[in-house]
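J.: Two chains, each in its own frame: build the complex with the hints.
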Amino acid sequence: MTLLQKVVDGLIRLSTAFGAAALVLVALNILTDVIGRLFGAPLAGAQDISQMLMVLIVFGGMALCDRHGGHVSMDVFEPWFPKRMNAWLDAISALIGAVIFAGIAWTVYESSKLSLMLNLATNIIQLPKAYFQWALSAFAALTAVSMLLRSIRLALAPADEAPEHTEEVL
Amino acid sequence: MSPELTGALGLVALVILLVLRVPVAFSMFAVGFVGVWSLGSLSSATSLLASETFTLSSSAELVVVPLFILMGNIATVTGLSRKLYDAAYAIVGQVRGGLASATVVGCGGFAALCGSSVASALTMGKVSLAEMERFSYSPRLSTGSVAAGGTLGILIPPSTGFVVYAILTQQSIGRLFLAGVLPGILLSLLFILLITIVCTFRPSMGPAGPSTTMSEKVGALVGALPIILIILITIGGIYGGIFSPVEAAAVGAALVILSGLISRTLSLGDFWIAVRDSVTTTATVMLILIAAHLLNPFLALSHIPQLVGDFLTGLDVGPYGVLALILLCYIVLGCFLEGFAMLVLTMPIFFPVITQLGFDPIWFGVLVVLSLEMGLISPPVGVNCFIVKSVAPNVKLSDVFVGVLPFWAMMVVALVLLIMFPQIALFLPDSMIG
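Going down the list, the protein sequences come from chains A and B.
Here numbering that gives the first Met the number 0 is used: position 160 in the first sequence is 159, and no number is missing along the way.
Here numbering that gives the first Met the number 0 is used: position 423 in the second sequence is 422, and no number is missing along the way.
Only chain B is shown next, with the shape it has when bound in the complex (with noise of 0.2 Å):
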């Protein structure tokens, strides 16, 4: 059997296996052993598993995701988001839309806490929600803007799917987190952007809440300076190029812990809670890595990346067509495939076309996050769309995925723009980097 034939079928059964609820590591794992034995020998394959799960598993650069998801997840059980929140509504929360657009910047200042998009739309959700309920705004336009809103979390730095794509094309994590600031800034201003329109010509759907006084507005903005601060000292300490990535991780790490137990809202009991947790979810990202790094071997002794490279660029449709079709495939299958998955299984086989096509890797890094972030909010498996119906029980899931709508439309501007302008990702790490 020829290797194209035995990577061809690996793929199909790779497939049957997702399709069967074989979790997603497993399926990758399976296709991947059995495809390296049958196109090299049952050693090589048991030696590549062996090697690949060790050196994965003490890589130093990948000590950044479980720091930072512990990062999030202690911001999470001390309440930073509420303050965040009402600061970011003490300034915008009297316009028409205010809390709405209070919501995105206040997944945004949480996606730079956490780089789980799933923790920032039920984080943001629990707290905005109730209070966009109470200002009678419209569930659509609330529930929309919060799912939606919570997609920062893995646009704006520090984002596991960038971290995921830096170990799979072997970029630079810090290039790749300046890179997703100035889209993630240009995105949640495009939200904000939707919203008002929306706001101004049909004002119901989001009246304008209380006004509140200068003392109020300095006393949520002092409320939320730990959290500033924290952000511009870890953020800022990568683009300073005072901390690596992964220092920055564990002085964010020190810096949430140090604030929640200053403020005594960090009880022993949370903190077991966000540890344990961060160690269970590292095991769920890292595994998939793993797995990804047994199959990527037997796909490039299949030739599959190369036939697939070799067709789309055998198309008549220049660099640029083939980037469109490219982007077009992972907006489709983020409509069936969960992001991070989806992410590892294709990756081996695009990654090469599009440096092949002389494509900044780093600008193609925050494309094909973006249009992850699509996928969380497109049907039938938009996550952050069930995240936020399960914050908000009384509103249709039907209502929420058409309250995305507008805003998925905004991630396509967003995404033509990027196309458009490149340097709106590369600006930064080519200035500070170099």
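Pulled out of the complex, with its shape left as it was, chain A reads as follows (with noise of 0.2 Å):
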């Protein structure tokens, strides 16, 4: 357990930074496209190039967001419920997390047979769009994989755990 969690966690941090060169490559693509424009020589296909950087961006950070507990949830109620309960929901949840994550990466990797198939790709540069897809679903297994090992270890020590803090993003 405490390998294959150093393993994820090195996963995570291998993801972010993943995620993280994706934004300031998207940041640097469209700066060079606008540039460029004023020069009379826009970037071709820089949108194709954010559109796919994107899905890195979106999925790269999640494990290491669902890690630092990024994900809002109503936390009115907390104060009411005991501790051991709350320990429980936060296993529940994060069971739930992984189910659904696991549920994006088989969705998605299954969609990517048939992008292959078609040939399906970005509008100007032809990016095919089956690679993306299988980064955002190696990053969603890994998101579900680390979630699941969270429920785990909550579920088995329910009452030391304490509550993670909900991100706020307003």
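Bear in mind the hints are in silico, worked out from the structure with no lab data behind them.
One or more hints might be untrue.
Here are the simulated DMTMM-like pairs of lysine to aspartate or glutamate, each with C-alpha atoms no more than 25 Å apart in a straight line [said to hold, decoys possible]:
#1 B:Lys-395 with A:Asp-74
#2 B:Lys-388 with B:Glu-3
#3 B:Lys-388 with A:Glu-77
#4 A:Lys-112 with A:Asp-47
#5 B:Lys-395 with A:Glu-77
#6 B:Lys-125 with B:Asp-269
#7 B:Lys-125 with B:Glu-215
#8 B:Lys-125 with B:Asp-309
#9 B:Lys-388 with A:Asp-47
#10 B:Lys-395 with B:Glu-130
#11 A:Lys-112 with B:Asp-398
#12 B:Lys-395 with B:Glu-51
#13 B:Lys-388 with B:Glu-132
#14 B:Lys-388 with B:Asp-398
#15 B:Lys-216 with B:Glu-132
Which stretches of chain B does chain A cover? Using the computed rule of at least three CB atoms under 8 Å from a CB of chain A, they are [to be verified]:
#16 17-27
#17 40-52
#18 60-70
#19 179-186
#20 249-256
#21 291-300
#22 308-322
From the derived model, a few chain B residues whose C-beta atoms are all more than 10 Å from chain A [said to hold, decoys possible]:
#23 Pro-2
#24 Arg-133
#25 Phe-200
#26 Val-412
#27 Met-431
The C-beta atom is built at its ideal place from N, Cα and C for all residues, glycine as well.
T.: Pasting the structure below:
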């Protein structure tokens, strides 16, 4: 379990690095396009590149987002529930999340087979969509495994786990 | 089982999951998926899950989200908020309540760099609360001005709230950004008016700060010049039709990074933290959006929005009565639900009613975002109040909530003014985009 957790932690760091690199690349890509346009030479396919990199940004950071307790939840009733119940609710939430992300990984992977068969690609520079669907599937699967491990950990030691914070986005 | 009954059971299940603290996105995924499965088929539910996930994740319009979040995060780590506050302080700090007014101005300025209310309240709170304490400001006034001023983050563009509303209702992000400018300025002025009135009648609540010399004023303004320029270039670029919102976000992020590098306030470690936090916050926002796109088809299949629409339009209260009821719902829900979640949960139900009644969707977007702002300072889940409390541990939470009450009342005034004069919101988008 500890070894598996270490492997997962390493993979989460890697996926976050992918997401972060994609974000920097998107900024550079659009900036190059804007500056190029000023000189009458916009970057061909800039929008295609941004769209596909966006997939890496969204799902690259998903596992770390969960690890940091970043998913918004309604905590108004938390003080009313016993500590043990809160710990179990956290474990069940993580399990539900694991099932959802496993579902995303599987359905998007299945969809990528169709994209590959039909040669689906972006409009301008024909980036194959299947590659990015694979990346999405892999990141979603990693998130699912991470959430499953958290769920097991919480279920095994429910009373000792402190509730995780909720991140606010607005 | 009829689709309507299935829909009602789905909504009950959603509420139960939310009460049991299952994250909003997961609850919506679960109910949406099972709902589409029960009213359609398993294959339609799995197809929807795959297609909506990839389509939303690769949306060209939504690239604006991580870029504006990055811009705000870099602005935070490089201390740009401090310079904004210093400039506002130099101008209005020496009048009664001036520090609180400077906080509101600073929050408004920071809001133009960052689409997050929480980030605005947190960063400006760190800068201004200590100063106000030093000059013996009433804790209620100081914390109230920070918590309320921070909410300007989701009204003044760039705003995450507007981006989410635009995606959910298929409206133009650019038009919504434009529509938020004048209401944002109006609300800032109302806050300042309130502070001035309070400090005129009770001077002890906000004594005047020390006066600054002209050279100090000029120095503070010069210090804030890069930020003002960045705001003018990015937001002005959208208004001038030079940039799309996505391009403005990329240019803004690059300029903030450049400013940090030139002023040597941005280290590699800070940069990594800002980028990493931007990626994880984007994940939070996007997952809820994807989940909303799974829940919406279920609600449509169950005819729930149509039923609610028929009920509301059937009430003998007129269109503005229905609008008032909907806004009242937002204000009440804002006391219990996180604003962003409230937006995605209610929009599929209320938006068709609004369009059916013939109201302008851009104007309604501004009203909704203003209502979300009120939720950010409404007890018991007024997030901005908790944020301010975390920055000012010596102030009682009850004082923070009492302190925001007059500001909350000013938001009601702004809401009424916007309903009476829709042009406050629509003038800029109508005149600049058409």
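J.: List in ascending order the numbers of the hints, as given earlier, that are violated by the structure.
T.: 2, 8, 9, 11, 12, 19, 21, 22
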